[in-house]
Every structure is written in structure tokens, then in C-alpha cells.
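A.B. asks: The lines below spell out each chain.
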Amino acid sequence: MLLTITTTHHPATDLGFLLMKHPDNVHVVDLSFGKATLFYPEATEERCTAAITLEVDAVELVRGKGSIEDQYVNDRPYAASSLLSVALGRLLNTAMGGRSKIRQELADQAIPLEAMITPLPARGGLALLERMFAPLGYTVEVDAIPLDPAHPDWGNSPYVTLRLSGQVRLAALLTHLFVLIPVLDNNKHYYVGEAEVEKLLRKGEGWLETHPDRELIVRRYLRGFGGLVRKARQQLDERVEAEEVEEHAVRDSAEEAIEKPIRLNDQRMERVVAMIRELSAVSVVDLGCGEGRLLRELLKLPGLSKITGVEVAPRVLAGAGDRLKLDHMPDMKRQRIELLQGSLVYRDDRLKGFDVAAVIEVIEHMEAERLPAFEANVFGHARPGAVIVTMPNREYNALFEGMKPDAMRHPDHRFEWTRAEFRHWAESVALAHGYAIRFDGIGTEDPTHGHATQVAIFTRMDEAKTAA
Amino acid sequence: MKIEIPEFALVLLVGASGTGKSSFAAKHFLPTEVISSDRMRGWVADDETDQDATGDAFDVLHYVVEKRLKGRRLTVVDATNVQPESRKTLISLARKWHALAVAIVFDLPVELAVARNKERPDRQFGDGPVRRHAQALKRSIGGMNREGIRYVHRLRSVEEVDAVEITRTRLWTDRREETGPFDIIGDIHGCATELETLLGELGYAVAWNGKEVQVTPPEGRRAVFVGDLVDRGPRSPDVLRVAKHMVDSGTGLVVVGNHDDKLKRHLDGRNVKVSHGLGETIEQLAQEPPEFLAEMRQWLGSLISHYVLDGGKLVVAHAGLKEEMQGRASGAVRSFCMYGETTGEIDEFGLPVRWDWAADYKGKAKVVYGHTPVLEANWVNGTICVDTGCVFGGKLTALRYPELELVSVPAERTYYEPIRPLEAPAADTGLGQHQLDIGDVLGKQAIETRLYGFVTVREDNAAAALEVMSRYAVDPRWLIHLPPTMSPAETSVMDGWLERPEEAFAYYGSKGVKTLVAEEKHMGSRALIVLARNQSVAEKRFGVHDGSRGVIVTRTGRRFFNDAAIEAAAMHRLDAAMEASGLWEELGSDWVLWDAEIMPWSMKAGSLVRGQYAAVGSAAIAGLDAASQALAAARARGVAVEDLAEAAATRLDDAVRYRAAYNRYVAPFAGIDDLRIAPFHLLASEGAVHDARDHLWHMAMAHRLAAADPAMLVATDYRQIDLEDPAKVADAIAWWEGMTAAGGEGMVVKPLDFIARGQKGPLQPAIKCRGREYLRIIYGPDYDRPENLSRLKKRGLGHKRSMAMREFALGLEALHRFVEHAPLTRVHQAVFGVLAMETEPVDPRL
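These protein sequence lines map, in sequence, to chains Z and F. Residue numbering for the first sequence follows my numbering, starting at 1 and increasing by one per position. Residue numbering for the second sequence follows my numbering, starting at 469 and increasing by one per position.
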């Protein structure tokens, strides 16, 4: 990768004094992951450019003891990232601190500066570059880099060549780059700990507090570590809302982004809890509990003595345990809840005997060909007193802005049904397994397209009646 | 006194304290077979005489007894056992696990016991308890049989106790040493004519001399009758004659059917309802002499409930038998064998609704049975009903074992109208008979494989695999195999190369393999193709009723094509090629499993190519190009950057070659016309896993298939290599060099035999040697610079090869189980094991 810094301040060669690197020499610094080199492709009175290149030892990156990449061929050796920030810190620490032995007055002064970085990952879109740098007083110029010239149809790569120009202090430019390159890359190479908060606060002094995208910068710089983000935010701004922020909710989930305007997920949880209350359940199993949002609500419900969350993905299940703080729960609360790894397509005796099974936004995440197994296991074998199934109403997708006609709300959805399709499926399941059924919807009802989320509530008919 | 004890039984030693039970137990039984109440007291309370611990001690005793009985182990309970209530729990455990209960009663003089206890310091409880024990024993000894104890052996003196010799006898059902081959014949119901025809078809000679019959089987074969010899049909007495003759002459086995049992009770003079065709039999028997009736009465009474045959791999019972009852004895077992189990419901024809035990069957033994007439004999979870309703106008069927071939002769006419029409093959489109239980896959599993012994699947791997299997894999009914991972060769000793064929050859050479087959490695995606000849085969053989006739899956069991139409079109073409090449006919199969590579690679790997390979290429080239220009400018103004400029130029060159490397495998895919399939293993077809065939056979089959549709199917180039012929070896290396220089991925080196063994067991099924440019996309653009190569050459293959071996064993095991009609669960367990292994982290570059 290449980073160049150019000035047209006269005499431009003073850049050498500011950077404390002589324009006629090659300056090399060894780093744990490779080496960084600074040299001057041009050095005249009118225009002087310092270039920094970084040579990363790709083999060591994967093999080394402190291996940071499990993806064996990756862009780390080539793209601008936090590795470049580390190199900047090592090569130009004094300049970044705004100090200069011989030209302190110049270091304190805003001068015409240009910077060019290539290739710079711009995760989050090209517009983000403008949002990051324009508020800091730069003119921003972006050139996209095609993915592969042999395949124009593949479009552009995630990388760009970024050119900034403006009248700024050199230290400010270096600091902005130091913070914002990793933010744009969104892929830090080292463990993010408490010390990073300190570093961010120090480097961000004087500009980050008022940056319009402060929230995004903090979050990405600290790589979504909720506690650290909160801590940094608190120190940057005393006016932080007291309420706990759902840190996982900000992870870019396509489904939430699409459904966001109506806060569908919140409504869904609320309605499902209400349905469970109406069913006077004592025991509930949440099939496909994910990270345990419904479970947390159910714990608040009086009269529920057995709450079981079932999730197929071990990591998600462990996450649910952490989120619910199972290990620190008081005994009487802990007794009411249990988490199990389980699957909806295997028969499972542990799922027998529940009053209600909640299957909330789950079936669309399984292959349609496995639905018969799900039906046999839940309705045929586990046979809860009632089953609440929700799924997206495909007709409603027409009302979501920016959704393509055949698209689905989440990349993992295997199918989404119209109301008629859902009704047909649910009725045949109810008939086959001796359940009565009623339908409902969640979200505001559109006269043409129905509700955003469709619901089927199955209630088991009396066994004797079924036999007859 | 000689005492015979069934080798599987619950033996109660009964007698007062001091009558010598423990010494007796130590003399006649293994220490682990004897569960003593004193020892249990010691375990829970550190004191074998602590009466306060009695309750807990017996809890432990009953727990251990139950675990042993569950595992079908002889168990001796050394406690006083003198009161009926103390025996009751034990007897109910025996009943629950279908063990015969045996009592050995120490009915010795009270004074003797009292005197013995006095001599023992730990038994200073006076003579009260002993006298009470003796009284309790006296009162209840007569009723022990009624309590449910099958055999009571009473020892009345010390001399008798000392003289006891115990012999262990096998259960009557245990005929494990009989390995067949067998011809297992379904319900005959008096259809002697069809029986004669069927025996003829099977190669038995049947000769009547008046009422005497002589049946001569083909060399070594024996007939096994699943019962219901009589009733409804025209010649029940003759059927009895044939069956008894064959049993008497050692050429036949018979298990009892409910009709045979009922006839026996009728002959005993019991008041049985004359219905369901018994009347016909009684009429026919009226023509027979009284000696015949007496002989049959006696013989029918001797019939056994079921047989366990062929080392435990085969069970024959009239109405089938669930696993937990096999090789055990109780009234419940006999009843199940004759009638099956009913749910208590009555169907529309007024007949009891049967519990479908076969739907839940997971046992290792195949179960062959009759009782419920069906239109066609069909395997369900390793069980098969061979009652094809001959007397109702259907046919009489035999299963040849171990060939597993069905032989039938049609009924000459309908002798009896069925109350309920013969059941059509399961029209059930649900999962009735194909339910998988989470307990069979979750948690640590040990899977026994015929190739590699027990393979252990770790709990966390199973947990990870559950997610993949549940959310991404195809219907498990199609998933009868998954391929193993493949290890590369050891790194090359030659400068400038990471992998070369020499090391692959050396691996096999050092293990004693002399002949290899090297196959071109196509750059595509691994696929398994399960192809049934038509939908009805898919239904019958795979139990899939959704109208599909096969599936193409990736190496992790996911559907290969997102577009069902392309999959269907590919299936259609493959079927046509199977037909045109004559392979369907030659294999004698209506389904087949091919192992193949599917191209173009970019079709499946599109997002990987664009998201990773192309992205890295674009970043590398953009950055290095810009750096080179900056360096050129610096150099022009005299800065000493020559070395840097040269290094950047080299790296840029590497990046360009990297981009070229992945582009070689990128091809447009617009539809079936762009699809290329290169089959290389014909893994299985009906009745056979083709792992005994060598790779030349597999290649020949694949080439024949490819020739039938050259537009879609690719014939893989290959070489046979004799390692002792240097010219052949050199030729193969030159072939690899040429192939990889032209952009090929490389080659796969296999031992000639599909399963090759060295001195320490099975060898790697295959070793891959990848080309230099291909490796660039695996190890990175500049992997082959000397400073990188020297480090990359230090790589360990042990873990990868161990995984490959275990996955190979599990994959073949799954396939063998499927071919042998094992329960779906048992096939699935092995396939699941492969997937679980694949969740184990291993260097993805290998």
C-alpha cells in the first residue's frame, strides 16, 4: 500500500523538517509484522511529497505465534489498515504530536496539504469517505478500484484511492489518518482493550467530540466492544442516555435495517409475550431462541415456572447464556430457565410436555425440504399445548423501501410466504396433527398487503377428540 | 447337584444370614457378576453391617442390577431375599429387561446359620434375625414360581451346597453360531403348493412318498420359516409335515406364529375361538390319523419365539422384534414375537392398530418377520416383512440371506378373502419411518467402522455439526455418504517447489504399495451424485416421496445447485448416460452413487472468487503499482531505492500472476450447457459398495459414463504407475509438470486398490499434488519466494491425515450400512460423524 503526503507550502522541502526525515534519504523502520519505508518521490521548493510504503510479511501473519489471520489469503498485506496506523505512529510519532525541532511555528500552522492512500478499504460505501473527512475541512476525491479488469461485470473492489486536500496542520492530518484509516477498514488487527479508549480520546482531542459521525467512528474504532464504546462515549459526552443500549442491535443486520422504521422486532416480542400470557402457560419452550430476547421478556412474566430456550448454533447459544447472565442469576430465577442445544429437525424427548412452544421467525431459516421433519418433531412428537409460529409476510415486502421485488428480508431466509401460502401450510399441519388454528398479524395492517409479520397460533385439541 | 442357569438370567441367592451364600457366589460366579447387599452397605456407609444404610444400599443394588440386565449380563444378587416383598423389585427388574429369574435357595438348618454367625465378629446380632429369616423363607418358598421366578433350586444341606455344579446354558433363541446361508420364508398359511414351488425356485428338491416328505436343500443352505404355517389355506397338514421334516433333519428352523400357537392350544383341548381360518385346519386335520395330531401337538409346543442368528446380525421372529427384546426371554418377548404390540386402538376394519415398531428400530441386527401381509416386501430401517399374503391371493416370498435377494412365487388363487386389503407400500409422505433422534447424534459418539474400528466424535464437533446438518444439509434420507478430506503430499525437497509428485509416490512406496493410479485433479467443486432411476425407486429405496429422483450435494452435504431446474436437468442427462452406457443394466441396480468434480469452479465459488481472491488481487496490484511509480520517481531524482524498486516490481509481478491463477478457473455459467461433471468414483449401487474394486475399474466406469454424454461429462485423464518402473514414474512426473504448467490444478495419487493397507493399517485413500500456480491462490501471491517457501515447507500433515483416515472410514461405513438396509439412524450417525470431523479446525491450506 502507499500513503503519500504532499505540501505546496513554500519552500515545500520544509516537509522534511516537519516529518524529521531528510528528503534525499530512505527511512526504514522494522515492525513486528514487516517493515515500513519512507522516501520522497518529489522534493522541490514548489512541491514536496513523502511516500510511505508498508511491506507486510504475509507468511508470518498466518503462521506466526501471534497469528492474526485465519483467512489464509487476505488483503492485510496489501490494504491500508490499522497496520498502517501502527507504521505511522512509529515513523512519524513526533510529527503526529505536532512537534518539530526546527520548524515548530510551521508545525503549529495550517498549511496546504494533500494526502493520497491506496488501496483503502471503504467498508460501508463510498459516501462514508466524504462523511468522515469533509467535516474535518478536506476536499475529498475518491477513485474506485475495479475488482478485476478482465471481468467488468464484477464491478468495483471494496478498495479506493482516496485523495484529500486542505489547509490543515500536518499533525492534524496525520492524526485524522491514524484514527480514520482503521475506522474505514473496520477490521483491527489487535485486541481492543481499555488502552484503546485512552488512545482514541487522546488522538480525537479537538475534533472527534463534534464530528457528526462520532458514534460510528467510536464504535468501529473500538470494534463494537459495547462496554468500551459506552465508556468512550460517556467521556466524550456527558449527555449519554441512561438506558442500556442494545449493542448487538447496531450490528449491521440487513433485516433490521429493512424493518427498522417500524421497530418490528420490538412489536413482535411484545405481541408474542401477550399471546403467551393469554394462553395461561406455565411452561414455554422458545424453539430457535437465538440470543434470548424472548427469553428475557418471558422471565418477567409472572406464573411462568419453566422457560426453555432451544438453539441449534452452539456459539449463539453460549451468547444467549452470557446475555441472560445465567451464571450470576439468583437461584429462584435460575431455576425457571434452561438453555439447550437442539434442532427442530431431530426428534427430541426433552421438548415434550410444554404448554407453549414459540417458533418466532425461525422456519424461514430452514430449508423447505426439512419442514416435514420440523412438523413431525414439534407437532407430532413434542406436542406442546400450543404452538406460536411467526414468519415474514412476503406480500408486505412491497412496502419496504429499497427492497427488490424478489428479494427476501434477510440473506439467510430460505423462503418467505404470502398469507395464502402460510395459511395453507399451517392449516394442513393443524389438520394432520390435531391442532385448532387461528391467524394473527404483527405490525400495522396494510389493507392490501396485510401485516409485516404473520402469525399462526395452534392449540392442541383434546386428545380424546383427536382419537375419535 | 447339577444346576443349569441360562447364560442371561437374574439369579437370586435366597437364604438366611450365615447360610453360606457369599462363599457360594464367590465359588461359582465372577466377582463382577455378584451384587451383594453387604458390599453396597459398605459403599454407601463404610460399614457392611450398618442397618441404617440398608435403604440406600438397596437403591444402589437395584440400580446396578438394572444396568447389568439392560446390558444383557448374568447378574447374581447376594442378599437374604427371604421375603416375597424383598424379591418383588428384583423380579420386576428381570421382567422389565426380559431376563429369566432363577432362585437358588439355601434351605439349611437354622441352628447351623446361628452357630456360624456367632463365630463372626461382625455378625453379633443374636439369633433373632436368622430365625425370622428362616420362617419367612419357609412361608414363601412354595410360592416362588408364582412370584415370577422361572427356576427354583433348593439346597437342603451343607453337603448339597458343596456338591453343586453350575453349568451355564444358552437361551433357546441363541443360534448365533449359525451363519447360514438362509432362505427365510414368509407366512404360508397352508399354501403347500406354493411352498413346494418356492422351495423349487430356491433350489430345494421336494419329494413326497405318500404322506412322507423329503426335502433336500442346495449345499449348505437352510430354510427359516417365520411362522403361521397353518390356517386359512388348503393344505395346512402338509405344510406342517414339510416344516417339521426340515427341522428334524437339521435343514430348517421355525419360529412360532400366532396361528401355530392357537392351533397348539386347540390340540391341547383348550377352548379357543375357531375363527380366522382355524376351522379349515381343524377340518383338514380330521382326515389325519391321531398319531399325527399328537406329534404335531407336541412339536408345535416346542417352537421357539425367535432366533438370533449369524453372530447376532440376524433376528427372525413372526411379528418382528424390537431391539431391547432380542435374545431375551419372557412372556412379553414371546407375546411380542407372535402378535407384535398394539396401541389399543381399533381400526375401521375392526382390527387392532399395530404399533409400528420398525419405524423406531435402530438395532444392529436385521429383523426378518411376517404376520402383517403386505403387497411387496420392503426394507424399513433394517427390518423386512416377508409376508406377502399368499393365502389372500398375493404371493409367497423368501428372503435369501446374506444375499438379501427376494424370491417370490404368486398364489395359485385367492384362498381366503382378507378382512383388510393388503397394505400398499407406505403411502406415507411424512417421516413416519425415518425419524432421527437427537440423542443419536448429540454428545460424544463412538461409531464402529469396519475399516478402522471405533471412531470417536468429540462432543463439541458434534454440536457444531448439528447446526450444519439442521440448517444447511439436504434431507438425511438422501445423505448416505460424505467424502473424506484429502491430504497433500509432504513438501518437496526440491528448491522452488512446495509440492511435487515424488513425495506422494514415496508415501505409498514406503508403505509397500507397488502400483498407483494418478488422476488429473479438476479445478471444480467436489460433489456426490445420488441418482435413482425413477421416482418410485426414490420412494422405495430412499423413502423420499417428494417426486425427486436424486440429489447432488457438496462435500458438506448441502444441495449443490440452488436452481432445482439445473439439478433436475443434470439428473436427467446422467440417467440417460447410465442408460446409454449400459451401466444400469450391468450394475443390476436402479440407483447409483457417483463421486465427482463439478465445473466451473466459479459457479459455486463465485462469492469466494470475488469476495476474496479478486479483492486481494485488486488490492495488491493497486498498492504495488502505485508504490512502484512512487519509487520510480524517487529513483529518478537519485534517491537510493533500487532494492526497494526491485522488490516492489517482483511483488507486483507475483500479484499479476496471482490474478491470472484464479482467472484460469473462472468460466461463465449460464445454464446446463456450461456444466461439466467429471465422475471418478462409482461408490455404490444396489447390493454393493464398490470399495473392493480398484481405481482402474472406477476410472473405466467413469469413462464409459462420460463417453455417453461427452458434452456434459468429462473423462478424467489418468495414469497407472508401477513404482518399480522408473520410466513410468518419470513419465507420470512429466505428465504432472505439463498439466500444471498449462494451468491445471494438479493430480490425485491413489493406491491401485480402493482400500490399501500397510503394516500399520489402512493407508490414505488419496494424496493430492497441486500445481505451482494453483498453490498461489491457496498460499498467497508471493508464496514461492525463497524466504517464504522455506518457512511454508515446515508444515505438519499428521492431523490432516488422521482426519482423512477417520472420515474415509466413516463415509464407507455409512455407505455399507445403507447398502445393507441398516436403519436410517445408523447410516446417519456415520455421515454425521464425517461432518463433525470436518468442523475440526485444520489448516485450510492443506
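One or more of the hints may lead you astray.
[Claimed, not checked] Calculated lysine-lysine pairs in the BS3-like style (CA-CA distance at most 25 Å, straight line):
#1 Z:LYS352 with F:LYS1268
#2 Z:LYS352 with F:LYS564
#3 Z:LYS35 with F:LYS912
[As the list claims (entries may be wrong)] With the C-beta cut set under 8 Å, the calculated list includes, among others, these residues of chain Z facing chain F:
#4 THR37
#5 ASP75
#6 ILE145
#7 GLY204
#8 ALA313
#9 GLN335
#10 ILE337
#11 GLU364
#12 MET366
[As the list claims (entries may be wrong)] Simulated restraints, written as ranges between beta carbons of each label pair:
#13 Z:SER32 with F:TYR531: 46 to 52 Å
#14 Z:ARG323 with F:ASP1311: 30 to 36 Å
#15 Z:ARG123 with F:GLN1227: 35 to 41 Å
#16 F:GLY921 with Z:SER32: 43 to 49 Å
Worth flagging that the hints you see were computed from the coordinates, not collected in a lab. Note that beta-carbon positions come from the ideal geometry of N, C-alpha and C, so glycine has one too.
A.B. asks: Please go over all the hints and tell whether each is borne out by the structure.
C.D. replies: Evaluation of the provided hints:
no.: 1; hint: Z:LYS352 with F:LYS1268; verdict: violated (41 Å)
no.: 2; hint: Z:LYS352 with F:LYS564; verdict: holds (24 Å)
no.: 3; hint: Z:LYS35 with F:LYS912; verdict: violated (47 Å)
no.: 4; hint: THR37; verdict: holds (6 Å)
no.: 5; hint: ASP75; verdict: holds (5 Å)
no.: 6; hint: ILE145; verdict: holds (5 Å)
no.: 7; hint: GLY204; verdict: violated (27 Å)
no.: 8; hint: ALA313; verdict: holds (5 Å)
no.: 9; hint: GLN335; verdict: violated (24 Å)
no.: 10; hint: ILE337; verdict: violated (20 Å)
no.: 11; hint: GLU364; verdict: violated (12 Å)
no.: 12; hint: MET366; verdict: holds (6 Å)
no.: 13; hint: Z:SER32 with F:TYR531: 46 to 52 Å; verdict: violated (59 Å)
no.: 14; hint: Z:ARG323 with F:ASP1311: 30 to 36 Å; verdict: holds (33 Å)
no.: 15; hint: Z:ARG123 with F:GLN1227: 35 to 41 Å; verdict: violated (55 Å)
no.: 16; hint: F:GLY921 with Z:SER32: 43 to 49 Å; verdict: holds (46 Å)
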